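J.: Each chain, letter by letter, is given below.
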Amino acid sequence: MSRFTWQSVLFLAPAVITLLLFAYWPLLQDVWLSFHSWNMVSPTMKFVGLQNYLQLLSSGELIKILLNTILYILVLVCVNFILPYLLSFIIAHRLNRFSFFYRSALFIPSTVSLAVASILFLWILNPLAGPLNIILSAIGLESPRWFKESGLVIIIIGLIIGWKVFGYNLILLVAAMVDVPKELIEAARLENVSNWQLFRRIIVPMTSSTALYVFVITVVFGLQYVLVPVNMLTQGGPDQGSTNLVYIVYQYGFVFFQTGKASAFAIVTMLLYALFLIVKTKVLDKKVHYEN
Amino acid sequence: MKINSYRDWYWHILLLFAVVIQLWPLFFMLSTSFKTMDQIFLSTLNPLPAKPVLDNYLYVLKNLPLVQYIVNTLLIASSITLAKIITSILAGFAFVYADCQQYHSC
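Protein chains in written order, with full-length UniProt numbering: chain B, 1 to 292; chain E, 1 to 106.
This is chain E alone, in the form it adopts within the complex:
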């Protein structure tokens, strides 16, 4: 008898159900992004657009300062990461290596 194998097909069904719930909205968003306006309303549920178009992407690239947005995002994300790492590494080091015997609370 193999110890390491479980009967697990019913768990797979349950988990696949969860995966569908988690991923379907994202997939819906992706497929909608390739549809034209009337396709969005006429074939909402159809996952594959009849004629995939790039219009929406071109619109975003042309009419929005996308590069600026990406730069802003990068700046915010990296400065937060840097500030958090610096403050918490220094504080964590102090907590572990400071002489804590005389102070009961640290």
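Bound-form chain B, shown alone:
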């Protein structure tokens, strides 16, 4: 028996060592850095205690960044979770044919890298020569400066991410929808149940575990995807209008070289993510039906 336990330790070793080395050790270093003031080149670090955190809380910057982050999450949840959820229901259960075509066609943008997508949309949304501006001026509208107005810029960046990630989430959800037994749906059809009732009473409960997974990756990975377009298109501007909790860590760390504040932001971000995951486990998991 004990031999077997040793074996399992051995099997777990590569994963655990990689995690310790590349996730938990940097995390500890991050905590340590957040109590110091350092600029990445100076040979000495100054211990400043909680000063980084106090600055962060008193500057008012945090509130703005939190609001931006929440707006990002709202846009991402709409585009990458609710919309694919509804469309995957239609693709899986409301079509007679061509569902394979829609699945593949909608998935194709997921293969494009986010850097390419950012540059592509920078050109499409160009307020002078971009194609969208030409279409808008043809119907007598003036193109707003998409990346220069706070609020709007977040929605646009969220839509760029959405354009890329949408297809992947759709495939995941379609796979879950296809697993719903056909008999249930046929029975509901014989009872003349409306589409909405069918969706609400049969599909949502039967696919809730996949849906929860997609929801979590939308929120958790979505903000990390945001880093690439924000860095390429706006650098957090205008007036920090498009920055968020993930990008601000990068900016303080590798643009302003204030590792202390960057680490403090990273810790705050991590705590908020932890809070989200606790809420997810305590509240949402109870409402989800796992098959086994």
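Hints may contain errors.
[Said to hold, decoys possible] Partial selection, computed: residues in chain B whose CB lies under 8 Å from chain E:
| id | residue |
| --- | --- |
| 1 | LEU95 |
| 2 | PRO109 |
| 3 | PRO131 |
| 4 | GLY167 |
[Stated by the list, open to error] Computed far set for chain B versus chain E, every beta-carbon distance over 10 Å:
| id | residue |
| --- | --- |
| 5 | LEU27 |
| 6 | SER42 |
| 7 | SER59 |
| 8 | ILE70 |
| 9 | LYS148 |
| 10 | ILE155 |
| 11 | GLU191 |
| 12 | TRP196 |
| 13 | SER208 |
| 14 | ASN231 |
| 15 | PHE257 |
| 16 | LEU284 |
[What the hints assert, rightly or not] Taking CB as the label site, the calculated pair distances span:
| id | chain 1 | residue 1 | chain 2 | residue 2 | range |
| --- | --- | --- | --- | --- | --- |
| 17 | E | VAL60 | B | LYS182 | 44 to 52 Å |
| 18 | E | ILE76 | B | VAL288 | 31 to 39 Å |
| 19 | E | ASN63 | B | GLY140 | 41 to 49 Å |
| 20 | E | VAL60 | B | PHE98 | 30 to 38 Å |
| 21 | E | SER78 | B | TRP6 | 25 to 33 Å |
| 22 | E | LEU82 | B | VAL216 | 23 to 31 Å |
| 23 | B | ALA115 | E | ILE21 | 19 to 27 Å |
| 24 | E | ALA50 | B | PRO14 | 51 to 59 Å |
| 25 | B | ASN96 | E | ILE76 | 42 to 50 Å |
| 26 | E | PRO47 | B | VAL112 | 13 to 21 Å |
| 27 | E | TYR69 | B | LEU128 | 29 to 37 Å |
Hints are computed from structural coordinates only; laboratory data are not their basis. Just so we're clear, the structure is a prediction, and the values are computed from it rather than from any experiment. Glycine included, C-beta positions come from ideal geometry on N, C-alpha and C.
Given the coordinates of chain B, assemble chain E onto it according to the supplied hints.
T.: Only chain E this time, still in chain B's reference frame:
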């Protein structure tokens, strides 16, 4: 009455709309890659370039170390895939087949 057929043309319209939104930027990128500089600015919306040219592709092939880029990409992608598969297969095997009765949490 055929049970298996739905009236679905309105869903097709909705889905085709989504497909156009998803694919048009890619198509735009593709058609722009065959245009000359003044065509890009003069006929931005025209999907088919008046005189398709390969200049852009030739420029990329001549002036950028494209082979090097592709090799780099392959190296990164394959090493990540290999590392992920090895660590997760071993760990997954341990989780499933290790004797978990005595430890409640695994």
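J.: If a hint holds in the structure, say so; if it doesn't, say that too.
T.: Verification of the supplied hints:
At a threshold of 8 Å, the smallest CB-CB gap from B/LEU95 to chain E is about 5 Å, leaving the interface hint in force. With 8 Å as the threshold, the beta carbon of B/PRO109 comes within range of chain E, its nearest partner Cβ sitting at about 5 Å, so the hint holds. Contact between B/PRO131 and chain E, as hinted, is supported at the beta carbon level, the nearest pair being about 5 Å apart and thus within 8 Å. Because the smallest distance between the Cβ of B/GLY167 and any Cβ of chain E comes to about 7 Å, under 8 Å, the interface hint for this residue holds.
The Cβ of B/LEU27 lies farther than 10 Å from every Cβ of chain E, with a closest approach of about 19 Å, so its non-interface assignment holds. Interface exclusion of B/SER42 from chain E stands, the closest Cβ pair being 33 Å apart, more than 10 Å. B/SER59, annotated as away from the interface, keeps every beta carbon of chain E farther than 10 Å; the closest lies near 38 Å. No Cβ of chain E comes within 10 Å of the Cβ of B/ILE70; the nearest lies about 25 Å off, and the non-interface call holds.
No beta-carbon of chain E is positioned within 10 Å of the beta-carbon of B/LYS148; the least distance is around 21 Å. The Cβ of B/ILE155 sits about 15 Å from the closest Cβ of chain E, beyond the 10 Å cut-off, so the non-interface label holds. The beta carbon of B/GLU191 is kept farther than 10 Å from every beta carbon of chain E, the shortest such distance being approximately 13 Å. Chain E leaves B/TRP196 outside its interface by the beta-carbon criterion, the shortest separation being 14 Å against a cut-off of 10 Å.
The claim that B/SER208 lies off the interface holds: its Cβ sits roughly 23 Å from the closest Cβ of chain E, which is beyond the 10 Å cut-off. No beta-carbon of chain E is positioned within 10 Å of the beta-carbon of B/ASN231; the least distance is around 19 Å. Non-interface call for B/PHE257 relative to chain E: holds, since the shortest CB-CB distance, roughly 27 Å, exceeds 10 Å. At roughly 21 Å, the least C-beta separation between B/LEU284 and chain E is larger than 10 Å, which holds for a residue marked as non-interface.
Taking the beta carbon of each, E/VAL60 and B/LYS182 are about 50 Å apart, inside 44 to 52 Å as hinted. At roughly 36 Å, the beta carbons of E/ILE76 and B/VAL288 sit within the given window of 31 to 39 Å. Under the hint 41 to 49 Å, the C-beta atoms of E/ASN63 and B/GLY140, about 42 Å apart, fit the expected range. One distance hint, 30 to 38 Å for the beta-carbon pair E/VAL60 and B/PHE98, holds here, with the actual separation near 36 Å.
The given range of 25 to 33 Å is respected by E/SER78 and B/TRP6, whose C-beta atoms sit roughly 32 Å from each other. For E/LEU82 paired with B/VAL216, a C-beta distance near 27 Å keeps the hint of 23 to 31 Å intact. Checked against the hint of 19 to 27 Å, the pair B/ALA115 and E/ILE21 passes, with Cβ atoms roughly 21 Å apart. Here the CB-CB span from E/ALA50 to B/PRO14 is close to 57 Å, well matched to the stated 51 to 59 Å.
Checked against the hint of 42 to 50 Å, the C-beta distance between B/ASN96 and E/ILE76 comes to roughly 43 Å, which is consistent with it. Separation of E/PRO47 from B/VAL112 is about 19 Å and conforms to the stated range, judged on CB atoms against 13 to 21 Å. At about 31 Å, the CB distance of E/TYR69 to B/LEU128 agrees with the hint of 29 to 37 Å.
Taken one by one, the earlier hints all hold for this structure without exception.
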